[in-house]
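S.K.: Which chain is which? The protein sequence lines are F and W, in order. Counting from 1, one number per residue, gives the positions in the first sequence under our numbering. Counting from 1, one number per residue, gives the positions in the second sequence under our numbering.
Don't take each hint at face value.
Unchecked claim - With a Cα cut of at most 25 angstroms, we get these calculated DSS-like pairs of lysine-lysine:
#, chain 1, residue 1, chain 2, residue 2
1, W, LYS244, W, LYS206
2, W, LYS218, W, LYS244
3, W, LYS244, W, LYS204
4, W, LYS19, F, LYS34
5, W, LYS161, F, LYS59
6, W, LYS218, W, LYS204
7, W, LYS167, F, LYS59
8, W, LYS64, W, LYS74
9, W, LYS105, W, LYS161
Since the hints were made in silico from the structure, they are not lab data. Keep in mind it's a predicted model, so treat the numbers as computed, not measured.
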Amino acid sequence: MYRALYFLMIIILPAILGWWLFIPLAILAVYLAKLPYEIIIAGLILDLVYYFGDGFIAKYFFTLFSLLLIVLALFLNSRIYWRRVM
Amino acid sequence: MMYQTRHTKRSFFNSSFFKTLVIFLLIMMFALVLNVFTPMRSLVLEIVSPFSRIGNFFYSNLNKIPNFFSDKNKIIEENKRLLNEITNNHLNIADYESVKYENQKLREELKIKPAGNFIAASVIAKSPQIPADSLFLDKGIEGGINSGDLVLAGERILIGKIVKVSKNKATASLSSFADAVSYGYVARTLEPLEIEGGGGGSIKAKVPIDFDIAIGDKIMIGGSFDFLAAIVGVIEEDHSSGFKNILMSLPVDVSRINMVFVLPIIRE
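Starting from the given sequences, assemble the full structure and let the hints guide the process.
M.R.: Right under this line is the structure:
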């Protein structure tokens with residue numbers, strides 16, 4: 001339930017207040033939830049909205065960023081224990 | 001007695017890693033398909049745009065907050081000044097309409113083509129809501145806008161071009177968008193010039209040190225019409241390299257723009 005709400009928030013808040021908000025919210029999602037794959041979907045959606053340029057990285061900036069975060073979380077998950085809130 | 005030691009170290013490159021890798025690759029493929037699939041993009045933009053409008057309203061009213069705490073007499077004075085400005089604007093509009101009518105008549109007599117078929121579009125969101133040097137517009141393919149169309153702030157003020165378009169929404173990239181290259185000329189000397197977006201509303205150019213350019217010069221971009229694209233703000237001479245670095249700005253303050261005009265380019 002919290003994860004679903006957070007997923008909506010991660011799409012809506014950047015749309016209202018600014019694209020940059022996705023970055024701290026995605027990092028926070030990785031900290032709060034165990035492997036929050038849904039941030040990739042949020043990144044995918046926001047990539048359709050924003051324009052960062054014509055290159056591959058610019059075109060899929062948020063998707064690649066969230067993928068990177070998930071890979072990092074996966075890596076840390078097997079090494080560090082931290083308490084998940086969501 | 002023999003003891004078999006149990007291997008407890010978990011490898012990062014285990015089966016779950018490869019499963020995840022496959023999921024990632026599928027997601028990237030899905031992203032690629034999604035980006036070229038216009039109806040999906042249109043749907044997403046339709047859902048997101050009301051939130052962008054809320055944000056735009058929030059940011060445009062943010063600077064008005066101090067007014068709520070200002071002195072009442074100041075507000076009364078400002079009100080009087082604004083009323084005078086409105087009266088002046090009414091007179092200016094009347095003048096403009098008569099000049100416009102005269103211009104139209106003269107164009108008809110001289111058989112000059114009309115100034116252009118502009119499509120007016122409202123700005124839904126701008127920086128800092130969306131990345132700097134881009135605008136989110138409320139018209140798309142259905143409104144006659146296509147990728148590559150020119151975006152104007154006035155009849156002859158070019159500020160960018162359309163880069164992303166969906167059914168009812170479009171994204172414009174400004175001439176100041178980082179690494180966006182345009183080719184224009186200096187209005188005063190007609191010397192050609194390559195201008196490059198510097199990001200954050202700035203445009204830059206690098207020219208030989210003997211290039212004739214001055215602060216305040218207007219940079220035009222030619223086409224079927226000549227458009228004002230930038231105004232020279234700073235000139236830095238680098239004698240060691242033999243070049244001049246020119247910093248320009250867009251002709252208008254984009255943060256105050258709420259409406260733009262899109263000029264469709266002619267496609268064969």
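S.K.: It remains to establish, for every hint, whether it holds in the given structure.
M.R.: Hints versus structure:
1. With a CA separation close to 6 angstroms, the supplied pair LYS244 (chain W) and LYS206 (chain W) stays within the 25 angstroms bound.
2. A distance of roughly 17 angstroms separates the Cα atoms of LYS218 (chain W) and LYS244 (chain W); the hinted pair therefore holds under the 25 angstroms criterion.
3. Taking the CA atoms of LYS244 (chain W) and LYS204 (chain W), the gap is near 10 angstroms; set against the 25 angstroms cutoff, the hint holds.
4. The straight-line distance between the Cα atoms of LYS19 (chain W) and LYS34 (chain F) is roughly 17 angstroms, inside the 25 angstroms bound, and the hint therefore holds.
5. Between LYS161 (chain W) and LYS59 (chain F) the CA atoms are separated by roughly 17 angstroms; this keeps the pair inside 25 angstroms, and the hint holds.
6. About 13 angstroms separates the Cα atoms of LYS218 (chain W) and LYS204 (chain W), which keeps this hinted pair within 25 angstroms; it holds.
7. Of the supplied pair hints, the one linking LYS167 (chain W) and LYS59 (chain F) holds, its CA atoms being roughly 19 angstroms apart against a limit of 25 angstroms.
8. Restraint check for LYS64 (chain W) and LYS74 (chain W): the C-alpha separation of about 14 angstroms stays at or below 25 angstroms, so the hint holds.
9. Pair hint LYS105 (chain W) plus LYS161 (chain W) does not hold up; C-alpha atoms about 31 angstroms apart against a cutoff of 25 angstroms.
Going down the numbered hints, you'll see the structure goes against just number 9.
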